[in-house]
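Asker: When you get a sec, could you build the whole thing from the sequences and use the hints?
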Amino acid sequence: MTMITPRLPEKLAPPGRDARTRRERKAAELEARTRLVGDRLIEISARPGDRVLRDFAATRNGLTHVEAASRLERHGPNVVAQERAPRWYVQLAKAYANPFIAVLVLLAAVMWWQDPADPGVVILSTMVLISGALRFWQEYRSGRAADALKRLVTTTTAVVRRVGRGTAPATFEVSMDQVVPGDLVRLAAGDLIPADLRLIAAKDLTVGQAALSGESLPVAKDDIRADDRGQRETTDPVEAGNLCLMGTSVTSGTATGVVVATGADTYFGSMAGSLVGERPQTTFDAGVRSVSFLLIRFMLVMVPVVFAINGLTKGDWDEAFLFAIAVAVGLTPEMLPMVVSANLARGAVAMAKRKVVVKRLNAIQNLGAMDVLCTDKTGTLTEDRIVLDRYLDVHGEEDTEVLEYGYLNAHFQTGLRNLMDQAVVDRVDEAEEVVVDARFSMVDEIPFDFARRRMSVVLNRNGLLGTTGRPEHVMITKGAVEEVLDLCTHMIDGGRRVELTESARIKATLTAEENNRRGLRVLAVATRTMPSPRDTYAVEDESRLTLVGFLAFLDPPKADAEAALQGIADKGIAVKVVTGDNELVAARICADVGLDVGQVVRGTELDALDDGELRELAARTTVFAKVNPVQKARIVRALQAEGHTVGFLGDGINDAAALRESDVGISVDTAVDIAKESADIILLEKDLTVLEQGVVQGRTTFGNTIKYIKMTASSNFGNVFSVLVASAFIPFQPMLAIMLLVQNLVYDIAQLATPWDRMDEEYLRRPRNWDAKGIGRFMVTIGPISSIFDIAMFLIMWHVFAANTSAEQSLFQSGWFIEGLLSQTLIVHMIRTRKIPFIQSRASWPVMATTVLAVLTGLWLPFSPLAGSLGFVALPASYFPWLVGVLLAYCTLTQLVKTWYIRRFGTWL
51 MTMITPRLPE
61 KLAPPGRDAR
71 TRRERKAAEL
81 EARTRLVGDR
91 LIEISARPGD
101 RVLRDFAATR
111 NGLTHVEAAS
121 RLERHGPNVV
131 AQERAPRWYV
141 QLAKAYANPF
151 IAVLVLLAAV
161 MWWQDPADPG
171 VVILSTMVLI
181 SGALRFWQEY
191 RSGRAADALK
201 RLVTTTTAVV
211 RRVGRGTAPA
221 TFEVSMDQVV
231 PGDLVRLAAG
241 DLIPADLRLI
251 AAKDLTVGQA
261 ALSGESLPVA
271 KDDIRADDRG
281 QRETTDPVEA
291 GNLCLMGTSV
301 TSGTATGVVV
311 ATGADTYFGS
321 MAGSLVGERP
331 QTTFDAGVRS
341 VSFLLIRFML
351 VMVPVVFAIN
361 GLTKGDWDEA
371 FLFAIAVAVG
381 LTPEMLPMVV
391 SANLARGAVA
401 MAKRKVVVKR
411 LNAIQNLGAM
421 DVLCTDKTGT
431 LTEDRIVLDR
441 YLDVHGEEDT
451 EVLEYGYLNA
461 HFQTGLRNLM
471 DQAVVDRVDE
481 AEEVVVDARF
491 SMVDEIPFDF
501 ARRRMSVVLN
511 RNGLLGTTGR
521 PEHVMITKGA
531 VEEVLDLCTH
541 MIDGGRRVEL
551 TESARIKATL
561 TAEENNRRGL
571 RVLAVATRTM
581 PSPRDTYAVE
591 DESRLTLVGF
601 LAFLDPPKAD
611 AEAALQGIAD
621 KGIAVKVVTG
631 DNELVAARIC
641 ADVGLDVGQV
651 VRGTELDALD
661 DGELRELAAR
671 TTVFAKVNPV
681 QKARIVRALQ
691 AEGHTVGFLG
701 DGINDAAALR
711 ESDVGISVDT
721 AVDIAKESAD
731 IILLEKDLTV
741 LEQGVVQGRT
751 TFGNTIKYIK
761 MTASSNFGNV
771 FSVLVASAFI
781 PFQPMLAIML
791 LVQNLVYDIA
801 QLATPWDRMD
811 EEYLRRPRNW
821 DAKGIGRFMV
831 TIGPISSIFD
841 IAMFLIMWHV
851 FAANTSAEQS
861 LFQSGWFIEG
871 LLSQTLIVHM
881 IRTRKIPFIQ
891 SRASWPVMAT
901 TVLAVLTGLW
911 LPFSPLAGSL
921 GFVALPASYF
931 PWLVGVLLAY
941 CTLTQLVKTW
951 YIRRFGTWL
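Going by our numbering, the first residue of the sequence shown is number 51, and it counts up by one from there.
Just so you know, the hints here were simulated from the structure itself, not pulled from any lab data.
Note that the structure is predicted; figures quoted are calculated from it, not measured.
C-beta atoms are modelled at their ideal positions from N, C-alpha and C, and glycine is treated no differently.
Warning: the hint list may mix true and false statements.
Below, a list of computed lysine to aspartate or glutamate pairs in the EDC-like style, where the Cα atoms sit at most 20 Å apart [what the hints assert, rightly or not]:
1. Lys253 <-> Glu495
2. Lys557 <-> Glu533
3. Lys557 <-> Asp585
4. Lys823 <-> Glu692
Per label pair, the in silico range of CB-to-CB distance [claimed, not checked]:
5. Ala501 <-> Arg584: 49 to 59 Å
6. Glu564 <-> Ala691: 52 to 62 Å
7. Val830 <-> Thr942: 43 to 53 Å
8. Met580 <-> Arg279: 37 to 47 Å
9. Met580 <-> Pro219: 22 to 32 Å
10. Phe343 <-> Met898: 42 to 52 Å
11. Ile180 <-> Ser914: 18 to 28 Å
Answerer: Spelled out as structure tokens, the structure:
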């Protein structure tokens, strides 16, 4: 047996010094696999059918059950590579893989080593546990919801097999994963193609290939006869007339094909195999990492300085070490992992209410950062159905007579209606159908075939006699423009039947071509009143026809697509259409939904460009047409290379690679499994307005996260700066380590409400992304403001309240504790908005409530039963007017600096 076993490309070597990135190598591997499998399929397509059967040791009688079992064992099940969800314990471990969590764990370990009873150990450990648990539970639940979207039914296919040698062949229904190379598969309307097939017999076969090619209309395959010699007309396996590929489906007709590839060896499988494993790093991952290491660098610089100054000035190195650890905790935004997780989880819950499943929490922030959305056309911008858009006379004017004859042809045919026939029927209401049934009755029909590319019905006009006194029969023919026009000798012009002159024929052809250029699929309609009525008619009777006009079809844009795209554009997102459909259809639909089409770029043009040229082209192009999966992914990478955060919306096999490469992959619940597996977000409704709401939710989530980081980092930096000053000039600790931890704890608990805060409308209007440099600038600009008033409070406590000796240090520490906590808490409202707080912008009620609670707690602690154990003393009443003055001055200066900062840098949050 000369079975052909495909040779897959070798894995690329690990990168050297000047090698491509892992991401580029993965893309190259996908391209190489797809090209190798495509070339092999084209080679098979070019061979005669009988030779293909011999090459696969198959016959027209099918395999025996024993042979099929042997091949199944050799080649494995007919399944493609799928990305399996990690085990729950792996997912749990990944939820804690965060640089900040590592710092918190290290700090907790050092504190425990110093004093196992230190409450700070419990506080830090609790924060770590909660933040990881929140992230794990939300992603675990979303993963289960996504898995539940997969179909639970087992799909079968009809194969020709024999019980044993010498027995008659029979058709058996087998599970698709049991199909093997060499199997004969029988296809009929509605069947899924179970593997890559070389057709050996076919009649009137049309196949829906939208999942692979993006074309919304079914594609006609060749009528395959016994003398099949193969084809050499195309080098694209998707377009080959004698190949049917896994992942497509039969729309009409019948066929028999021999399986030439299964599982990973199929054209579909060549894509899927490169789409499993580690996902590319997104902007969220890069952003969190850069911000994390920025804050860690601040800590690594400041903590040793505090330790050294305290040790040298106080002489107690053990106490200096404890204080330095407390400062490290104070400087670290220890609630960051928890606040980020809570923000993302709340965003996921809010999106779930809008029928959106978030598989990966990080995708919510990426959705808010997205500034380019690449989307497929079919079913996203369009309704994913064929409708009759217009019915035109020979001059291109609307004419209801054309609709009437087109309807009669579609209504009375007895074969399987194709999508365009159904679109014509759907255009006529039920009342008119009753009238038609009363006026006409069926006499005969001449079915459609792919050689003639037309079909005809012959109808009797009920109750109407011809000139001979016999019933009048009228033939109505509908089909491809060129084929129908060739049979016409006359045409209808202004209600009159006139001769179809050569000039009129040219003008009619131009009318059809003009509509083709508008992205419409055009059919011609012609009639003939039969001179001698009879019971049966033949192809020869399709002559001397009268051209009535044209029917034009399209997959129409969704009614809300234009408004939804405008809403997305208003949010600062550029929309680019990346489709496998042809450029005429793509341009027409994009124009209809309000996109500035410009120059449409075809996929073949991209192959001639290097990466730099593609980046430049992608930046200025709105519509890409006839692009394959590899080209779609390459477009995404080109846009990312220009610094864009790219989202991709698609549902087909040909979208999977681009979905995975994008920063946020978006699919729908009706998508093929590989698209859903590659996506980060799944829309339960294919609705762009839902996507716009998701963008707003993503920006709100990011805004609240960055709000916490800037508030906490700047405040903590100011506190540590104040500690440095105090440590250098004050003969005792300005605040005990336990006080620092309690202050931090109260402040952090107040920040738990941050995910429930609202964002200003202006903030939500444009994409938002991580900016580590901006956060560092914010810290060193805003942080020292609090130090000015901390130092002012030091001077007040030292000179006004005489807290200037070791005996009075508790009074000094209590006074700074309250001022520090209240200023930290109130500054939340100064930083959360670029407007004037409380007047132009108010926080949500949960934030207001936690602010009041934190302030009351800070004021209560020095007077509480806990005061002694924490080192506090009660403060005199005269302290509080000074406190109010310091806080008012602090807020006023912060507002002034904020105004200057916005004017100087053009940003705030």
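Asker: State for each hint whether it applies.
Answerer: Going down the list of hints, with the structure as the test:
Pair hint Lys253 plus Glu495 holds up; C-alpha atoms about 18 Å apart against a cutoff of 20 Å. A hinted pair counts as satisfied when its Cα atoms are at most 20 Å apart, and Lys557 with Glu533 qualifies at roughly 16 Å. In summary, the hint linking Lys557 to Asp585 is not supported, as the alpha carbons are separated by about 36 Å, beyond the 20 Å threshold. Of the pairs offered as hints, the one joining Lys823 and Glu692 holds, with about 19 Å between alpha carbons and a cut-off of 20 Å not exceeded.
Checked against the given bound of 49 to 59 Å, the beta carbons of Ala501 and Arg584, roughly 24 Å apart, lie outside it. A beta carbon spacing of about 40 Å between Glu564 and Ala691 contradicts the range 52 to 62 Å that was offered as a hint. Remark: the range hint 43 to 53 Å for Val830 to Thr942 is contradicted by a beta-carbon distance near 21 Å. For Met580 and Arg279, the hinted distance range of 37 to 47 Å is satisfied, since their beta carbons lie about 39 Å from each other.
Met580 and Pro219 have their C-beta atoms about 44 Å apart, which leaves the hinted 22 to 32 Å range violated. Restraint check, Phe343 to Met898: a C-beta distance of roughly 34 Å breaks the suggested window 42 to 52 Å. Distance hint check: the CB atoms of Ile180 and Ser914 are about 26 Å apart, consistent with the given range 18 to 28 Å.
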